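Engineer: Hints given; two lone chains; assemble the complex.
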Amino acid sequence: MSSASTPTHSSNRLIVSLLVGAAVSLSLGVYGRVHDPTGEAIVSLFFSSSINLKVWLATTAFGLAIFQELSAAKMYGKLGSGYGPKWLGKTHRTTGTLAFLCAIPVAYHCLYSLGFQSGETRVLAHGLFGCLFFGALTAKVLVVRAKAMPKLALPVLGGIVFTALTALWLTSALWFFTTVDFPGI
Amino acid sequence: MAKRKSRYNTAIELVLLTGAVVFVLLLAGVDLGLLP
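Sequence order for the protein chains is A and B. 185 is the number that the numbering used here gives the last residue of the first sequence; the numbers go up by one with no jumps. 221 is the number that the numbering used here gives the last residue of the second sequence; the numbers go up by one with no jumps.
With the rest of the complex left out, here is chain B (with noise of 0.2 Å):
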């Protein structure tokens, strides 16, 4: 239950991480020119 429980909790980290990691490479890839 606990392991579950580790399990969903770094789930939901790894989404949040992975959404402020996209939102920082969107705003850095357009200033920087690597995004059109």
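Isolated chain A, as found in the complex (with noise of 0.2 Å):
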């Protein structure tokens, strides 16, 4: 065995990476508390305003995310029999990719526009599942190639960011849906 995959090397790792992701969850949370909000819109494409824009970026990110799950699972064998075609891997990578990509537009507006508001329960946990959600994910992004890691490691942050997503689009897509408008182009 190598010293690249000792057991020791792969706790430090580990915790680096989950430091790291510890690290990017605080510096956003300080970051939308610190910064004045602007009230500003930010692109809106072709929908009629920059929150609509926000709202299916969500949902496409939200959508991936089952696909993501799914897939990983799948991968893992934990759903039905056999690991899947041979391309779901990439596929698997290149879905989680584009949701982070989706939801990068998504989560510089709330910082730079709206920051992070502690007035209602709801805008409350969706910040700070907002702030879990990228923690996670970088924890996730720095753990998912490291050798010999603790086989939770990864299902378990996995999860953590699933469930980060899940509560996100719950808090906003969803909210803005059943009480604003839909589908709100």
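Hints in this document: simulated from the structure, not taken from any laboratory. Remember, it's a predicted structure, so these values are computed and weren't measured experimentally. Built from N, CA and C at the ideal position, the CB exists for glycine as well. Be careful, since some hints might not be right.
To be verified - The list that follows gives simulated cross-link-like pairs (lysine-lysine, DSS-like), each with its CA atoms no further than 30 Å apart: (1) A:LYS74 <-> B:LYS190; (2) A:LYS74 <-> A:LYS151; (3) B:LYS188 <-> A:LYS74; (4) B:LYS190 <-> A:LYS86; (5) A:LYS147 <-> B:LYS188; (6) B:LYS188 <-> A:LYS151; (7) A:LYS90 <-> A:LYS78; (8) A:LYS86 <-> A:LYS74; (9) A:LYS86 <-> B:LYS188; (10) A:LYS147 <-> A:LYS86; (11) A:LYS151 <-> A:LYS90; (12) A:LYS90 <-> B:LYS190; (13) A:LYS78 <-> A:LYS151; (14) A:LYS147 <-> A:LYS78; (15) A:LYS86 <-> A:LYS151; (16) B:LYS188 <-> A:LYS78; (17) B:LYS190 <-> A:LYS147; (18) A:LYS74 <-> A:LYS90; (19) A:LYS78 <-> B:LYS190; (20) A:LYS151 <-> B:LYS190; (21) A:LYS90 <-> B:LYS188; (22) A:LYS74 <-> A:LYS147.
What the hints assert, rightly or not - For the chain B half of the interface with chain A, some residues (derived, Cβ under 10 Å), not all of them: (23) TYR193; (24) ASN194; (25) ILE197; (26) GLU198; (27) VAL200; (28) LEU201; (29) VAL207; (30) VAL209; (31) LEU211; (32) LEU212; (33) ALA213; (34) ASP216; (35) GLY218.
Structural biologist: Below, the structure is given as structure tokens:
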């Protein structure tokens, strides 16, 4: 066994990954708190406003995240028989990257325009889950290709990422669809 | 095959890293007055 995959090295890498993820979460929360929200819109493309664009980008990211969860379960043999077709791994990584790219403008608008708010339970929960999402995603990306990680590390981190994104979608897009407008283009 | 897979993984990581860097630069750029 090479020194690169000893249990101590793996534990160190896991701890560093978690610390980096925690730093990302904390940094986003602090930034959102100290930055003066501008209230300005960013791009809206063909949507009627930035919020409508955000709602649909968040919904796209959530849809891709569901695929992420199912494809990961299949690849690890936890869904039905077998481990899925060969292309599933690449598709999993590509759709995960697309979900991340969808989430960036949403998070940017949240932080730049709205900031971290705590006046309302839904909004506070949304902000906290947003910070958790990016921190957990960072830790997961750092862990995913590391060798000899504890077996639970990847599924737990992936589960936290998916749970956080689900909570984000419930407290933003679903709230928008049910109380403001649907489809809200 | 392994080389192709490695190149693909590197490309994915580059996209993720670029997205993260652009995200941070946008946030920092606005507050530092570098961006409108």
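Engineer: List in ascending order the numbers of the hints, as given earlier, that are violated by the structure.
Structural biologist: As far as the earlier hints go, only 35 is violated by this structure.
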